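Number of protein chains: 2
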Amino acid sequence: MSAFDDATRVSLDGSCEVHDGWDIGGNANGGYLLALGASGLRALAGRPDPVSITAHFLAPGRPGPAQVEGAVVKEGKRFVCVSGSLRSGGRPVIQVLGTFGDLAASGAASGPGSDAGVTVVKSGPPELPPVEQCRARRSSDGGVPIPLMDRLRVHLHPDHAGFVDGRPSGDGVISGWFEFADDRPLDALALLLVADAFPPAVFELDVPAAWVPTVELTVHLRARPVPGALRCVFRTRFVHGGMLEEDGEVWDASDTLVAQSRQLALLPRT
Amino acid sequence: MSAFDDATRVSLDGSCEVHDGWDIGGNANGGYLLALGASGLRALAGRPDPVSITAHFLAPGRPGPAQVEGAVVKEGKRFVCVSGSLRSGGRPVIQVLGTFGDLAASGAASGPGSDAGVTVVKSGPPELPPVEQCRARRSSDGGVPIPLMDRLRVHLHPDHAGFVDGRPSGDGVISGWFEFADDRPLDALALLLVADAFPPAVFELDVPAAWVPTVELTVHLRARPVPGALRCVFRTRFVHGGMLEEDGEVWDASDTLVAQSRQLALLPRT
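Going line by line, the protein sequences match chains C and E. Residues in the first sequence are numbered consecutively from 1, following the working numbering. Residues in the second sequence are numbered consecutively from 1, following the working numbering.
It should be emphasised that the hints constitute simulated quantities derived from the structure, not laboratory data. All values reported here derive from a predicted model rather than from experimental measurement. A hint or two may mislead.
Copies of the same chain look alike in the list, so a pair counts if it works inside one copy or between any two.
[Unchecked claim] List time: in silico EDC-like cross-link candidates among lysine to aspartate or glutamate, alpha-carbon distance up to 16 angstroms:
id: 1; residue 1: K122; residue 2: D171
id: 2; residue 1: K122; residue 2: D206
id: 3; residue 1: K122; residue 2: D150
id: 4; residue 1: K77; residue 2: D20
id: 5; residue 1: K122; residue 2: D20
id: 6; residue 1: K122; residue 2: E132
id: 7; residue 1: K74; residue 2: D183
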């Protein structure tokens, strides 16, 4: 069993564990927490794919016992809506609202090339140099250790990695390749992790940003990924009032947009 | 009292009414339903501004008595997270998850020009001709009546109104001006309505789309708008697997981005 499967396992009664090693400086990654919550909630939904899922982040996720609680809000023919939370020590860590379905059944599984009805694609995957010409994201890259990065192979486009050396491009864009370090296949739960696994795009702006706590993260799963590394791009365009958005696109090896994400985050004054 | 205030009034016990006249062919507009739900939930939160709010759409909203039910998930110093629903006839119409705060207190009220800390703005408001050169959206424009449009002054950029005459631009972009027909001031609740008050951007693609039911709508409020008409732009870039996203930006008269929206919608096969 891969580390990610192990770390997102939820028992029938909702009990689970926030695993160590999926964190940044001791706080579990937001995408990992969302994947863990979704793992429990999709069992309630009885449908495999979180077609649209939103988490509000309420408290840091620390390693240790946790609980997924939730209830079906509405069960329809195509979708099941579930509301719930991931709790630890009796307090909510994230509150989640999701609509679950079956992307295989919707005809989207094989992407735009398949018999899935009308297809319009106004832009394509980010253009990335081969992995070996990209900059590997390391657990020791940041001011605090990023153990999460030992679980993943995140390779950044060199044009979007200037922040590592204190020379951000100013574009507010970060792109790169994503795979699990243990080559676990990429599926719906993995896409939730991916949506928050890259360095914050605001790092590539000329902005003092050491710590960018997420208020809210929404991910839309648009198709199931085919095997192969994912290409991802994250962009922050607006920073004001102490808040910023980050928009993400995740593309699979068949050039299908498999996920879109947006988060609202805080930019604490430094 | 303006019609919108009347239509979004929620009693202390959560009882309210889905008002007639905010609909498209008999189904209440999604932004109106979200504003009505948020009106009830923000009373629970005790904070005025839905900084980030997500609704999942579960059943059509019909005129008549309704109920906002919800509970505070977490009360923090800056934000209060609330989960709840707008219900009618005992069934959920929308399920809502929101984080509420006070955008005035956060220093964002006066936009990027104010003393609100770091500001980065990577693009500006949509360029629109003066209102009188735009195309007024009429309640009689569609295949079904759109009574909602009698409540609003939505004026579309003529380059983005070709769909009305069966000649979509193919760009998937719709932009225009927004005001209330009764000149009600634009505030946080109004921005939730605005996020879903324009014709679907997919109408400006070469795609057979008569009916685009929303699965999920998320709105981030980035600042309180100053007085004056809003400039809005909505864009759909990816249609596949019977689903599409629509991204919105809402700008106020001081050139401040006051809201961002994204929705996931279905494109039923025709």
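query = Of the hints given before, which are not true for this structure?
reply = Checked against the structure, the hints that fail are numbers 3, 4, 5, 6 and 7, while the rest are satisfied.
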